[in-house]
Amino acid sequence: AQSVTQLGSHVSVSEGALVLLRCNYSSSVPPYLFWYVQYPNQGLQLLLKYTSAATLVKGINGFEAEFKKSETSFHLTKPSAHMSDAAEYFCAVSVAGADGLTFGKGTHLIIQP
Amino acid sequence: GAGVSQSPRYKVAKRGQDVALRCDPISGHVSLFWYQQALGQGPEFLTYFQNEAQLDKSGLPSDRFFAERPEGSVSTLKIQRTQQEDSAVYLCASTADRVSYEQYFGPGTRLTVT
Chain X
1 AQSVTQLGSH
11 VSVSEGALVL
21 LRCNYSSSVP
31 PYLFWYVQYP
41 NQGLQLLLKY
51 TSAATLVKGI
61 NGFEAEFKKS
71 ETSFHLTKPS
81 AHMSDAAEYF
91 CAVSVAGADG
101 LTFGKGTHLI
111 IQP
Chain L
114 GAGVSQSPRY
124 KVAKRGQDVA
134 LRCDPISGHV
144 SLFWYQQALG
154 QGPEFLTYFQ
164 NEAQLDKSGL
174 PSDRFFAERP
184 EGSVSTLKIQ
194 RTQQEDSAVY
204 LCASTADRVS
214 YEQYFGPGTR
224 LTVT
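Chains X and L, in that order, give the protein sequences.
Here the first sequence is numbered in the working numbering, starting from 1 and rising by one per residue.
Here the second sequence is numbered in the working numbering, starting from 114 and rising by one per residue.
There could be a bad hint or two in this list.
Computed cross-link-like contacts, DSSO-like style, restricted to lysine-lysine with a CA-CA straight-line distance of at most 30 angstroms [as the list claims (entries may be wrong)]:
no. : chain 1 : residue 1 : chain 2 : residue 2
1   : L       : LYS170    : X       : LYS105
2   : X       : LYS69     : L       : LYS127
3   : L       : LYS127    : X       : LYS105
4   : X       : LYS69     : L       : LYS191
No lab work stands behind these hints: they were computed from the structure.
Quick caveat: nothing in here was measured; it's all calculated off a predicted structure.
Starting from the given sequences, assemble the full structure and let the hints guide the process.
Below, the structure is given as structure tokens:
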């Protein structure tokens with residue numbers, strides 16, 4: 001069985017500062033990894049995905065993530081935070097890519113003006 | 114284009130009532146997923162369809178939960194004899210084909226059991 005741990009239920013950064021949201025996974029087979037963003041009262045939107053190609057993955061809205069097998073991590077970063085980035089972020093894993101996702105508990109990103 | 118839609122958006126049920134939640138996936142999408150998201154938690158997988166076939170229902174929490182997709186498009190999640198612990202947001206997602214990794218999510222149905 002696979003699992004995801006997101007360190008920090010809340011992360012606060014200043015506008016313009018680096019955003020770093022942490023995700024560690026556990027999987028018995030090579031995983032497929034995803035980051036989703038959820039705005040209030042909306043569904044989840046895919047930010048980026050790792051599907052065993054390049055280990056550095058670029059997504060929408062300036063976000064990127066790096067797959068590190070040795071650290072079983074898939075941390076999400078953005079060089080410069082914008083007020084519109086304030087939302088809930090979820091890391092997710094699947095073992096077959098097209099099956100059901102296992103999500104972490106989420107990290108609430110707060111942007112300070 | 115139209116995304117995944119869910120109805121109703123909000124549902125209040127008295128404990129013991131039956132409820133039915135509807136999901137309209139993106140037209141032509143083969144796979145459909147249901148998730149349950151409790152307050153302050155990440156979504157948890159419930160069940161998965163490929164066309165009309167229910168391939169995985171391992172996440173359904175009890176036999177009070179039942180899902181169907183009879184014609185391979187619209188899906189209904191039914192909860193019988195609702196309990197307070199069933200209160201959550203129920204999310205539906207669809208993917209274009211058997212090998213697509215990107216799941217497109219609907220806005221969810223918020224179920225409150227009183």
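Outcome of the hint check:
1. At roughly 22 angstroms between alpha-carbon atoms, LYS170 of chain L and LYS105 of chain X fall within 30 angstroms of each other, so this suggested pair holds.
2. Proposed proximity of LYS69 of chain X and LYS127 of chain L is contradicted: the alpha carbons are some 48 angstroms apart, above 30 angstroms.
3. Distance restraint check for LYS127 of chain L and LYS105 of chain X: the Cα-Cα separation of roughly 28 angstroms lies within the 30 angstroms cut-off, and the hinted pair is therefore satisfied.
4. The straight-line distance between the Cα atoms of LYS69 of chain X and LYS191 of chain L is roughly 40 angstroms, outside the 30 angstroms bound, and the hint therefore fails.
When the structure is compared with the earlier hints, violations turn up for hints 2 and 4 and for no others.
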